[in-house]
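Take the given structure of chain V and dock chain F to it, following the hints.
Protein chains: 2
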Amino acid sequence: MIWTITPNPAIDVTYRIPELRHGETHRVNEVQVNPGGKGINVARVLTQLGEEAGVSGLVGGATGTQLRELLAERAPTLIQDWVPAHVPTRTSIAVVDDRDATVFNEAGAPPRPEVWQELRGWMRRRIQPGDVVTICGSLPGDTPGDTYADLARTARELGAHTIVDTSGPALLAAAPYADLIKPNEAELLVATGAPTLAEALAQLHIPGAVALSRGADGMELHLDGQTWRGCAPEVIAGNPTGAGDAAVAAWAQFLAHGSSDWAEGLRSAIATSAAAVARPTAGEIDPDLRGDLLARIQIS
Amino acid sequence: MIWTITPNPAIDVTYRIPELRHGETHRVNEVQVNPGGKGINVARVLTQLGEEAGVSGLVGGATGTQLRELLAERAPTLIQDWVPAHVPTRTSIAVVDDRDATVFNEAGAPPRPEVWQELRGWMRRRIQPGDVVTICGSLPGDTPGDTYADLARTARELGAHTIVDTSGPALLAAAPYADLIKPNEAELLVATGAPTLAEALAQLHIPGAVALSRGADGMELHLDGQTWRGCAPEVIAGNPTGAGDAAVAAWAQFLAHGSSDWAEGLRSAIATSAAAVARPTAGEIDPDLRGDLLARIQIS
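For the record, the sequence lines run as chains V and F. Okay, so the first sequence: first residue is 1 according to the UniProt record's numbering, each after it adds one. Okay, so the second sequence: first residue is 1 according to the UniProt record's numbering, each after it adds one.
Derived by calculation from the structure, the hints in this document are not laboratory data. One thing to keep in mind: the hints can contain errors.
DEER-style ranges, computed between Cβ atoms [to be verified]: (1) 16(V) / 114(F): 27 to 33 Å; (2) 144(F) / 52(V): 47 to 53 Å; (3) 77(V) / 189(F): 53 to 59 Å; (4) 19(F) / 240(V): 23 to 29 Å; (5) 239(V) / 144(F): 34 to 40 Å.
Backbone N, C-alpha and C fix where the C-beta goes; we use that ideal spot for every residue, glycine too.
Excised from the complex, chain V in its bound form (with noise of 0.2 Å):
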């Protein structure tokens, strides 16, 4: 089984205008509402991928009412596991006009400290041993940044793989913690405050994999000393948002299974974060792309 878990999920509006104009009012006939959230577009993905996958993370007020209704009109294979947040849950607005997107993503109003126990709670309630687990996305408000490493922690002590999407001191605090993390080389020169990539990468203290996703230019696979790199035979056209997401729903498949050909996993999560870009959708990928790129991506 693979939960993701998503602290901080959103209603992600969209207004489609003519044109924004700054100090004007403009009256938007176009309004799409969908599930928003890392955690929710992997899970979407592992459902394509043939896993059986269960979203969780924190949910609260009308808005959370909202989103769990949504997710379960967009996508009814997927097992929803909510823990009350007691809050609201937050809204992301992206305002498209014929330019470009405007984007405004609410922080989120941060929880009680008590939440987040009933999170690990809900984490020993559920989780079995050779599960994965994948805690995705920004924290909440000001939440602590060590928030993400407890969870992390929680996760491994049972039993499970953990794969990390976040970033800043978040995705520091919990590297140490986690079977995979997937940042962008930018992320991890941030989060640690290193001058250089290796040294970056030294500072993570991870036991497990850095999977960093390098855009249009590929990605790379660290573990152990080694390094794997492949890149798409050809630039893919769409709409990137939800790419990193489809790349992280490959690398909880392929722990999932236990397998120990990283190469291969590599191939898939290259495949599947360029089928993801081909949709204009986050949390939907265009499977037979993913096929036709499976075939044909080298790694080296």
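For chain F alone, kept in the frame of chain V given last:
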């Protein structure tokens, strides 16, 4: 009893950020959420004027539940008696930075035509002769412009005094059934297509009064060929959002008391409107300022 009917209320969300930058992603740490809609503001001002007021209209979905809960919390003495919209209540986002406010008003999903019959059914059950009914704000989505005319005619048939506060074709269609409308000059010219104010007033076919707002230049009342004028003795600094709704509240109070001293009504509308400008939140007035202005406003 004074009822305000808001067919298209909104959750009003305000994001405060240092600077809105086109095409960028903003983390929003300061979020305010208020129950929004002209009729809601009118009713909240009415309770501050000591009147018993009730709100109705259409609400639906998770956002509709949120709106009712927020309103119960912020204005506990208001009577709420909504009709189910069967579509979600819309959201309105104001992004306020150090320069100005950029607003995104969702048009609102259009309810099924039967919902308007249900709203008229609600009116027949709840409205008593002598009540005041104010029909406020925009119509959702692609709702036909004569919908407000149907609602105003129903209120009139039930023996209620009727105020219509809207714009465009809906205002023009409803005016023949209104005891009072409150456009500004530009709205009136746009709605009628007339080149001058005198011609616009003639085209309205309104049996009642036209309270014309002129912003800081005060208000005019046109009734049966007579005109009254008045203005606050000084410019009140503050937030003009909700000033018009406060004027509507004053006129609803005037009609509810069956007064025929229209100069006194105009004085109250100007004072209440200015007392709303002095408060940062729409739906609130400064009662001391209102009392002070009432004693000093000259009507000619």
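Taking the hints in turn, this is what the structure says about them:
no., hint, in the structure
1, 16(V) / 114(F): 27 to 33 Å, "29 Å, holds"
2, 144(F) / 52(V): 47 to 53 Å, "49 Å, holds"
3, 77(V) / 189(F): 53 to 59 Å, "57 Å, holds"
4, 19(F) / 240(V): 23 to 29 Å, "25 Å, holds"
5, 239(V) / 144(F): 34 to 40 Å, "37 Å, holds"
The structure agrees with every numbered hint stated previously.
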